[in-house]
Amino acid sequence: MTKISIIKKIQLGGERSFPIESPDSEVYFNFYCGNGGIKHEAIISFKNSNFLSSLIETGLITNHDLAQNNIVKLEYLEDQNAVFSFRYQICNFKDCQNTYLLIFDVHENRGYYGFFIHGVLQIEKIIIE
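According to the numbering used here, the sequence shown is numbered sequentially starting from 1.
No lab work stands behind these hints, which were simulated from the structure alone.
Any given hint could turn out to be false.
Each pair of labels, with its calculated beta carbon distance range [stated by the list, open to error]:
no., residue 1, residue 2, range
1, 15, 76, 16 to 26 Å
2, 57, 108, 20 to 30 Å
3, 81, 35, 15 to 25 Å
4, 6, 84, 10 to 20 Å
5, 73, 51, 10 to 20 Å
6, 36, 80, 16 to 26 Å
Just so it is clear, CB atoms sit at the ideal spot from N, CA and C, and this is done for glycine as well.
Input sequences plus hints: build the corresponding full structure.
As structure tokens, this is what we get:
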């Protein structure tokens, strides 16, 4: 399996935190295409995502890749005591030839849940088995 090749980080405007009713909820998240102009709508959810740590453990992406693209600080990724609960989804859209890696987590605070989008990376097309 080859390493994920990051083309660029997508600039996100507006809201990056979304309240949800439960961890099983879906969130509709919009961002603009890496080529500009096209507004994409992604549906992110806990059930359709995987732990980002699985990509790191298999060598598909590195801690340095994530830190260089300002997804999370390297010190946090390398902290053995940190709980790393980030999740990812890979999205392709009909109206665009680009592939995106959406990185987010689900957090809970006093019985309220939310999604937080850490970043969207445009990547080379890849098939993860």
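Comparing the hints with the structure gives:
no., hint, result
1, 15 with 76: 16 to 26 Å, "holds, 23 Å"
2, 57 with 108: 20 to 30 Å, "holds, 25 Å"
3, 81 with 35: 15 to 25 Å, "violated, 41 Å"
4, 6 with 84: 10 to 20 Å, "holds, 19 Å"
5, 73 with 51: 10 to 20 Å, "holds, 19 Å"
6, 36 with 80: 16 to 26 Å, "violated, 41 Å"
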